[in-house]
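Start from the sequences and build out the full structure, keeping to the hints where you can.
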Amino acid sequence: MSLLASIEEVFQSSQMDHADRATLPGRFSFTHRIIECLLIFSLCHFLSYEGAAMTIPESKIAAQLYIFGGDAVKAGEPLNGYLKVAHDAGYQLVQGWLSYFESEELAVKLDGYLAAHQLSMPCAYAGGGMHTREAGDQAIHTILSQARIASRHGLKIIVHNPDPIGRKKTDEELAIQAQNLNRLGTELSKLGLQLAVHQHDVEMQDGAREWYHILEHTDPAKVFFCLDTHWVLRGKQDPCRLLESAGKRVVDLHLRNSKDGIWMEDFGPGDLDYQKIQAILERIDYQGYYTVELAYDPQTQVTRSLEENLRRSLGFVLNTFR
Numbered sequence: 001m002s003l004l005a006s007i008e009e010v011f012q013s014s015q016m017d018h019a020d021r022a023t024l025p026g027r028f029s030f031t032h033r034i035i036e037c038l039l040i041f042s043l044c045h046f047l048s049y050e051g052a053a054m055t056i057p058e059s060k061i062a063a064q065l066y067i068f069g070g071d072a073v074k075a076g077e078p079l080n081g082y083l084k085v086a087h088d089a090g091y092q093l094v095q096g097w098l099s100y101f102e103s104e105e106l107a108v109k110l111d112g113y114l115a116a117h118q119l120s121m122p123c124a125y126a127g128g129g130m131h132t133r134e135a136g137d138q139a140i141h142t143i144l145s146q147a148r149i150a151s152r153h154g155l156k157i158i159v160h161n162p163d164p165i166g167r168k169k170t171d172e173e174l175a176i177q178a179q180n181l182n183r184l185g186t187e188l189s190k191l192g193l194q195l196a197v198h199q200h201d202v203e204m205q206d207g208a209r210e211w212y213h214i215l216e217h218t219d220p221a222k223v224f225f226c227l228d229t230h231w232v233l234r235g236k237q238d239p240c241r242l243l244e245s246a247g248k249r250v251v252d253l254h255l256r257n258s259k260d261g262i263w264m265e266d267f268g269p270g271d272l273d274y275q276k277i278q279a280i281l282e283r284i285d286y287q288g289y290y291t292v293e294l295a296y297d298p299q300t301q302v303t304r305s306l307e308e309n310l311r312r313s314l315g316f317v318l319n320t321f322r
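Residue numbers for the sequence shown follow my numbering, so the first one is 1 and each next one is one higher.
Among the clues, some could well be false.
Straight-line alpha carbon distances no greater than 20 Å define the calculated EDC-like cross-link-like pairs of lysine to aspartate or glutamate that follow [to be verified]:
{"no.": "1", "residue 1": "74", "residue 2": "104"}
{"no.": "2", "residue 1": "236", "residue 2": "206"}
{"no.": "3", "residue 1": "222", "residue 2": "244"}
Distance windows between CB atoms, simulated [as the list claims (entries may be wrong)]:
{"no.": "4", "residue 1": "280", "residue 2": "71", "range": "32 to 38 Å"}
{"no.": "5", "residue 1": "105", "residue 2": "81", "range": "16 to 22 Å"}
{"no.": "6", "residue 1": "103", "residue 2": "133", "range": "24 to 30 Å"}
{"no.": "7", "residue 1": "209", "residue 2": "283", "range": "22 to 28 Å"}
Calculated directly from the structure, the hints in this document are not laboratory data.
Glycine residues also receive a C-beta, built at the ideal position from the N, C-alpha and C atoms.
What follows is the structure, given as structure tokens:
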């Protein structure tokens, strides 16, 4: 019997008088009354959940600064203007580059810029080779030197994309890469930071071979993921499948969309169905960040200001994810 049918029977039976109940021995036992109460409670809980308009907090939504161009990589005066645009578009968070923390002086300057626009930056992006011991040593040294400064200025996550090498990485190179990522993740955890591995389309080759190697050969307690959903799609893989595979190891999402394969000027409905992604996020109880990372193809038709496109993107995030 369905839940609603059971509830209906409970209510119908509640209309019976005492004499009627006496003719049904055992039916209205103490145990049955408990079951009735549980059914009613379950229905009320179900209805209140379905009717609730729960949305993710805006303190989990960031604007990635990639769309502002090369000057955004540096903690200089142009960055101050870009942060103003992000704030005016309604964001509380931005995601920039770990290179902002090359020195304490630069980090303090960044703090001033962020404070002026009531922004925070919990995540920052860094590259670097990981497929050889020499490249890994160099990348880990650079990332850690900047991470030590960043950890004192509010950073929580370092988003890292191991450098591609123009061809498929060998099994040995992938093994070394996983070892280096484990090393980096371990050292960052000592600073109170998380490592989140990012990907583009090249890691999606051969059924996402490189990405799955990282997933399966790194420590789940030390190495996490930033899933760039549309790059997965461009790599001819299903972002839903990867999201299901990584589950709670995903701590950041990079979000954009396309129409007919061409990146849109804002983040909205398009080729990639984000309702399906939302369903998975709800199932895995996703607690990470939602980072709007706009990017334009040569064919992208830009008809609005960047501030307006960022604002519209924020609205789509709030309306889609909950």
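Against the structure, the hints:
1. This hinted pair checks out: residue 74 and residue 104 have alpha carbons roughly 14 Å apart, not beyond 20 Å.
2. Simply put, residue 236 and residue 206 have alpha-carbon atoms about 10 Å apart, close enough for the 20 Å limit, and the pair holds.
3. Using a Cα cut-off of 20 Å, the hinted pair residue 222 and residue 244 holds, with the two alpha carbons roughly 19 Å apart.
4. Checking the proposed 32 to 38 Å range against residue 280 and residue 71 shows it holds: the Cβ atoms sit about 36 Å from each other.
5. With their beta carbons about 20 Å apart, residue 105 and residue 81 fall inside the hinted range of 16 to 22 Å.
6. For the pair residue 103 and residue 133, the beta carbons lie near 28 Å from each other, so the given range of 24 to 30 Å is met.
7. For residue 209 and residue 283, the Cβ-Cβ distance of about 26 Å falls inside the hinted range of 22 to 28 Å, so the restraint holds.
Figure legend: structure checked against the earlier numbered hints; every hint is met.
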